[in-house]
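J.: For reference, the chains in residue letters:
Protein chains: 2
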Amino acid sequence: MTPFDIAIGTPLASLSTPRPVIDEDRLASNIARVQTYMDAQGLAFRPHIKTHKIPALAKAQIEAGARGINCQKITEAEIFADAGFQDILITFNILGTEKLERLAALNERIDDLKVVADSLVTIEGLSSHFSGRKPLSVLVECDTGGGRCGVQTPDEALTLAEAIHGKSGLRFVGLLTYPKAHTEAAVEQFFAATLTLLSERGIPCPIVSNGGTPSLFSAHLVPSATEHRAGTYIYNDRSMVGAGHCSLDDCAMHILATVVSRPTPDRAVLDAGSKALTSDLLGFNDYGLILDYPLAVITSLSEEHAVVDLKQIAGKRPEIGEKIRIVPNHTCVVSNLFDRMVFHRNGLVTRVEEVAARGLVW
Amino acid sequence: MTPFDIAIGTPLASLSTPRPVIDEDRLASNIARVQTYMDAQGLAFRPHIKTHKIPALAKAQIEAGARGINCQKITEAEIFADAGFQDILITFNILGTEKLERLAALNERIDDLKVVADSLVTIEGLSSHFSGRKPLSVLVECDTGGGRCGVQTPDEALTLAEAIHGKSGLRFVGLLTYPKAHTEAAVEQFFAATLTLLSERGIPCPIVSNGGTPSLFSAHLVPSATEHRAGTYIYNDRSMVGAGHCSLDDCAMHILATVVSRPTPDRAVLDAGSKALTSDLLGFNDYGLILDYPLAVITSLSEEHAVVDLKQIAGKRPEIGEKIRIVPNHTCVVSNLFDRMVFHRNGLVTRVEEVAARGLVW
Chain A
1 MTPFDIAIGT PLASLSTPRP VIDEDRLASN IARVQTYMDA QGLAFRPHIK
51 THKIPALAKA QIEAGARGIN CQKITEAEIF ADAGFQDILI TFNILGTEKL
101 ERLAALNERI DDLKVVADSL VTIEGLSSHF SGRKPLSVLV ECDTGGGRCG
151 VQTPDEALTL AEAIHGKSGL RFVGLLTYPK AHTEAAVEQF FAATLTLLSE
201 RGIPCPIVSN GGTPSLFSAH LVPSATEHRA GTYIYNDRSM VGAGHCSLDD
251 CAMHILATVV SRPTPDRAVL DAGSKALTSD LLGFNDYGLI LDYPLAVITS
301 LSEEHAVVDL KQIAGKRPEI GEKIRIVPNH TCVVSNLFDR MVFHRNGLVT
351 RVEEVAARGL VW
Chain B
363 MTPFDIAIGT PLASLSTPRP VIDEDRLASN IARVQTYMDA QGLAFRPHIK
413 THKIPALAKA QIEAGARGIN CQKITEAEIF ADAGFQDILI TFNILGTEKL
463 ERLAALNERI DDLKVVADSL VTIEGLSSHF SGRKPLSVLV ECDTGGGRCG
513 VQTPDEALTL AEAIHGKSGL RFVGLLTYPK AHTEAAVEQF FAATLTLLSE
563 RGIPCPIVSN GGTPSLFSAH LVPSATEHRA GTYIYNDRSM VGAGHCSLDD
613 CAMHILATVV SRPTPDRAVL DAGSKALTSD LLGFNDYGLI LDYPLAVITS
663 LSEEHAVVDL KQIAGKRPEI GEKIRIVPNH TCVVSNLFDR MVFHRNGLVT
713 RVEEVAARGL VW
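So the sequences go chain by chain: A and B. FYI, this note's numbering numbers position 5 of the first sequence as 5, with every residue one higher than the one before it. FYI, this note's numbering numbers position 330 of the second sequence as 692, with every residue one higher than the one before it.
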């Protein structure tokens, strides 16, 4: 039996560890809850597949009402195009001949491929690989305070929109931001000002794309937006609980781990290290929440071990051989470590999905 | 052309990014330098394959003079057993029926399988799956100050050695520690005291295994040790430069990345995020060293982006489309993210190896 030969109905308790597992009911509920909210707001919803990298889950998101998907790299988009997805937005500045050639090939294969640009260099590169026969749709990425990519002002956004608008191989289709959480007023201000400038120039802007899970349920505070993108909401994680997006009971992913050592009364060691949990802290001081011992603190990780401080536990402490469940700080990076994902309902395995877009270089 | 169809002789500059690459000459030099030191000290050397997870590299380590290999999980050991390795030490407490059954199957396949134990629970589990026909070799893991697994005192080590010694399916073969770097005196003290206790009981202890790359060249300060284990030394990384083990010129792994955005004069954004570099800090405040711009600071990572602060660069700053090289903080976790590894000599690709033991669950 390989680690991937897991029969339907297998109890989670009999799986070897470390092992991330997904609760089907919470997964379905997370998908429904967010889609219902987006529908109520009249916002198109575009799930980011980076969180799960599994076509079957994106299909469930589309069936619930999502309008298309969001990828972060061409190789991810190719996998999802292979799986039949026709409306794909890649939220990345695509640069370099090899990537541009693959982007052009992808554009021939699907109905509606969109990318972003935040510089004239990116626009020139895109323009050189697309023609008026089947132009590429491009959104201008705006930095509304997130501090990553994006133009800094509405004037710069206008300049790039005009540049895209002037290229026969490109089609300006909108504005996009990856905002800092809970800054809806700043996002709205940036979008509204840019829309005014575009309108003055007579440049249509059909898509205004906002994003992020942490303050997703405040998406209605950005009335200029026509769509919202989010990834983490499908699994949720400790950082989303911390951001107020959800409760611990909404976290669909748990890492199953085993206590492999109890060297001292105050120390336990688990078999889930940075190659299972990752070192992502996302504002926490420790590496995940042990659901069964919430007062235990994962103080450090090595690659295959977690060191846990038990000092605060007054009652029963975990014993060697005991299996525990961890809510990871950040699900999206955990998905990226595992070739297969196990799903369950009430602790019995329902399916195993290949993490099809994992490990792709770019 | 897929990302993995890379022809021999391809210039690195034409590879799409992000992409870790390994310098063949530095790799060979790192292997030779450490083996030469170990040979001079009369220490058996056991490379840890967790750093590369590639059988061809372990073969080069054995050909240079290493005595056997070190794995961290059964699934890694299985891959290396498939590749012909006969002397494998798994430095992990193996617990649970499924793992113990696979461990027993592995023991039938290779000449010399060894594991560690730091508790009676682990020893009882091992004992229940092995018999006197082909006993399993077991070392007692000692915590000499590393603060992870391991018995806390020489007396406890003796107790476990006696327990192993008394089982027909197990063979006590030695002591092992994963020490805190630069604490050779404490390691020697623990080992020497335990050896005295074992000798008084007439229990032979053929192997005394010390480990770690950071203070590897001080291994001779632990005269009780018979072997040393190390992984990171084969690639080296920024943390090993920081620990004084090597220089930047000994770092064989670089992450090639592209500047994809320059939103402000002081900010660059790269296409290598936490899914290429990992979030491992290992004592640093930033996420890797940009070799071409050593004054640039990678201040934050998202999954596919690195945000770089250029404030300290007085001269030429990186431009959009420019490719740069990053020395990662920690090579071992980078290896675990990529399905294939590209090797080069003087900037021309020499080979592409599958990271055969990557992504295995346990």
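Treat each hint with caution, since some may be false.
What the hints assert, rightly or not - In the BS3-like style, the derived pairs of lysine-lysine whose C-alpha atoms are separated by at most 30 Å in a straight line are:
{"hint": "1", "chain 1": "B", "residue 1": "K542", "chain 2": "B", "residue 2": "K421"}
{"hint": "2", "chain 1": "A", "residue 1": "K180", "chain 2": "A", "residue 2": "K134"}
{"hint": "3", "chain 1": "B", "residue 1": "K673", "chain 2": "A", "residue 2": "K180"}
{"hint": "4", "chain 1": "B", "residue 1": "K496", "chain 2": "A", "residue 2": "K311"}
{"hint": "5", "chain 1": "B", "residue 1": "K496", "chain 2": "B", "residue 2": "K529"}
{"hint": "6", "chain 1": "A", "residue 1": "K59", "chain 2": "A", "residue 2": "K167"}
Stated by the list, open to error - Incomplete in silico selection of chain A near chain B, CB under 8 Å:
{"hint": "7", "residue": "N346"}
{"hint": "8", "residue": "T350"}
{"hint": "9", "residue": "V352"}
Don't read these hints as lab results, they were simulated from the structure. Computed from a predicted model, the values in this text were never measured in an experiment. Using N, Cα and C, we set each Cβ at its ideal position, and we do this for glycine too.
J.: What hints, given by number in increasing order, does this structure fail?
T.: 2, 4, 6, 7, 8 and 9
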